[in-house]
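K.L.:
Residues per chain are reported as follows:
There are 2 protein chains.
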Amino acid sequence: MIYGVVMAGGSGTRFWPRSREARAKQFLPIFGDRTLIESTLNRLHPAIKNKDIFIITKQSQKKAFSKLLLDIPGKNILFEPIGKDTAPCIGLAAIHIQKRSPDAVMVVTPADHMIENEPLFRETVAAAADLAGRGNGLVTIGIVPDRPATGYGYIQIEKTDGRIRGIETCRVKTFAEKPDLSTAKSFLASGDFFWNSGIFAFKASVYLKQVEEFLPEMHEGLMEIQAGIGHRGYEETLDRIYRQIRAISIDFGVMEKAKNVFMVKGEFPWSDLGSWEQVYKLSPKDGKGNAVSGNAVLVDTGHSFIRAGEKPVAVLGLDHVVVVQEPDVTLICHIDRTEDIKKLIDKLRNNKMTDVL
Amino acid sequence: MIYGVVMAGGSGTRFWPRSREARAKQFLPIFGDRTLIESTLNRLHPAIKNKDIFIITKQSQKKAFSKLLLDIPGKNILFEPIGKDTAPCIGLAAIHIQKRSPDAVMVVTPADHMIENEPLFRETVAAAADLAGRGNGLVTIGIVPDRPATGYGYIQIEKTDGRIRGIETCRVKTFAEKPDLSTAKSFLASGDFFWNSGIFAFKASVYLKQVEEFLPEMHEGLMEIQAGIGHRGYEETLDRIYRQIRAISIDFGVMEKAKNVFMVKGEFPWSDLGSWEQVYKLSPKDGKGNAVSGNAVLVDTGHSFIRAGEKPVAVLGLDHVVVVQEPDVTLICHIDRTEDIKKLIDKLRNNKMTDVL
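From first to last, the protein sequence lines stand for chains A and B.
If you want the working numbering, it's the 1-based position in the first sequence plus 226.
If you want the working numbering, it's the 1-based position in the second sequence plus 226.
Please keep in mind that the hints were generated in silico from the structure rather than gathered at the bench.
For clarity, every value in this text was computed on a predicted model and none was experimentally measured.
Check before you lean on any hint, since a few could be wrong.
The list treats identical chains as interchangeable, and a pair is accepted whether it falls inside one copy or across any two copies.
Computed list of lysine-lysine pairs in DSS-like fashion (alpha-carbon distance at most 30 Å, straight line) [claimed, not checked]:
1) K288 x K277
2) K573 x K514
3) K411 x K399
4) K284 x K537
When you get a sec, could you build the whole thing from the sequences and use the hints?
P.N.:
Next up, the structure:
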């Protein structure tokens with residue numbers, strides 16, 4: 227049995243002002259016509275059916291989520307009381323899945339990736355799930371890098387030692403944080419470093435076993451929550467325990483410490499849509515390198531990302547700018563600085579301009 | 227008898243999107259709280275009273291003008307059917323003034339200047355009017371330059387030869403177009419070049435005599451219009467003749483050709499508010515060189531002019547930008563390019579986005 231787990235608990239800062247505190251990026255069509263979460267679900271079909279897909283999001287996103295009309299059973303939607311990074315989030319999914327099907331494999335994916343060649347993606351996911359189903363391994367999908375990216379974490383592998391469904395598999399040697407450019411170049415040259423996609427496959431039971439080993443307090447909490455599933459007072463128990471749980475990523479808390487870590491090679495084009503700059507890079511551009519949508523007029527402007535709304539935006543004599551105009555607020559930003567939008571949000575909050583957050 | 231003539235026929239392009247086709251800059255508080263035209267009138271008081279001030283504007287600005295509630299008699303408001311540059315505009319004022327008071331002196335000023343030390347301005351104007359009243363000279367106010375500006379025309383003088391009311395006066399040798407920087411530097415070093423302020427004083431009769439000499443067809447047209455003043459059909463005559471009249475500036479059409487041209491030295495701080503960049507330069511700035519108004523939040527941004535409205539504008543990681551947000555349109559522009567806003571307007575017109583022009 228294979229379950230999908232879509233992590234959709236992201237906050238609204240990186241794609242502000244399109245995304246907001248109460249309307250995180252995964253609920254928006256950041257790229258293309260579909261919301262990111264719809265694209266993510268669609269990508270898992272038909273290999274994994276909606277009834278076998280869990281979505282985990284945050285309580286604060288409940289309203290935005292309820293508007294989506296996704297064809298997912300209500301009991302498969304899990305709300306985190308607050309965000310605690312990926313290790314507890316996946317743990318929460320794992321206790322629910324384990325309860326439903328003790329030996330099930332879970333395929334965990336973020337809701338905000340941009341992936342092309344979906345058939346190959348599904349084959350790769352199937353290979354990862356196969357590998358995870360065979361034993362007690364933690365399987366991750368590593369993306370074959372096409373450039374020395376500094377914005378991703380990397381996975382270093384032992385040499386490739388097999389194939390499942392035609393997809394290469396191997397044992398993971400180590401994980402590396404986001405490198406600087408020269409390190410990234412040496413990673414790329416070595417041929418044994420891959421981008422850490424954040425897509426995982428393992429048995430729910432195996433993951434929980436690893437949590438027990440490396441994060442015993444978290445495991446205790448998860449077990450207490452699991453015991454309450456289906457009982458009155460579950461929500462209160464979840465809320466109480468989850469708030470005390472340690473916030474930590476699966477990479478740092480589990481994967482880097484575990485022994486039985488495997489990678490399947492992802493050869494599909496992949497990007498985590500982490501910033502407006504990345505959306506710009508992936509967008510079709512005109513002859514001057516501009517990606518423009520909405521009602522915009524540009525003169526002597528290049529290499530820019532302009533997302534106007536109904537009201538026109540007129541840009542003159544600028545390069546490398548990002549403009550995102552929403553009805554109630556406008557962002558104007560250097561394209562190299564879209565990772566720092568949080569600074570603007572902090573300042574808006576300090577200035578009590580919270581209605582645009 | 228001294229009359230004031232305020233030329234308020236400017237179009238709405240240079241301060242777009244604050245100014246529009248139907249709401250030219252002179253009707254707006256571009257700088258400070260008062261509209262430019264109110265500041266201009268105020269500056270002439272009490273030396274010249276409202277009943278003796280004529281305002282010339284364009285038919286297309288009638289609606290914006292009517293909203294101003296200026297305390298100027300209706301018969302002193304002259305509407306040009308279309309813009310024809312300054313020579314015919316001043317001619318139109320001259321025929322009305324001459325009819326009212328044959329020997330009157332007219333002091334002509336644009337409506338879009340920024341002038342400090344108003345008492346000194348008024349003394350200088352009074353000196354220019356005195357000089358003009360004494361004979362058949364054309365008098366211009368030349369501003370003592372404090373830097374090698376390339377954005378203004380220059381007046382070269384013979385040596386200073388007198389004083390009226392303590393203001394130095396002299397004969398004009400020649401006029402020079404906007405210079406390049408090295409020429410401007412040599413102008414500044416020479417000490418006998420002054421900025422051409424576009425503020426003039428002469429008898430209406432003297433001006434019309436000069437028009438007769440250098441622009442005889444225009445003179446003929448003006449005489450025909452003058453003959454119709456106070457008669458039925460005046461508007462039709464004005465419209466018919468004015469449309470055929472040659473568009474030419476007073477500098478090029480009259481001043482540069484005339485013999486009796488004098489200058490009085492303007493030692494007051496002066497600027498023609500010709501662009502957002504100039505408004506920026508004159509605006510108070512914060513420690514990072516930003517001039518900000520309205521609801522704006524800036525992070526790592528400097529040397530910029532941000533004019534937000536009610537809806538917030540958030541700027542991150544940019545330098546030397548101009549942002550002007552109006553409810554229906556937003557301008558984002560490099561600060562060195564504000565002179566080229568017309569290019570954006572042309573493009574908006576080509577794209578049929580005329581509702582924001």
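K.L.:
Look at each hint and say if it fits the structure.
P.N.:
Going through the hints against the structure:
1. K288 x K277: within (20 Å within a copy, 67 Å between copies)
2. K573 x K514: between (33 Å within a copy, 16 Å between copies)
3. K411 x K399: Close inside one copy (19 Å), not across copies (68 Å); limit 30 Å.
4. K284 x K537: Cα proximity of K284 and K537: across copies only (28 Å, versus 32 Å in one copy).
Checked against the numbered hints above, the structure violates none of them.
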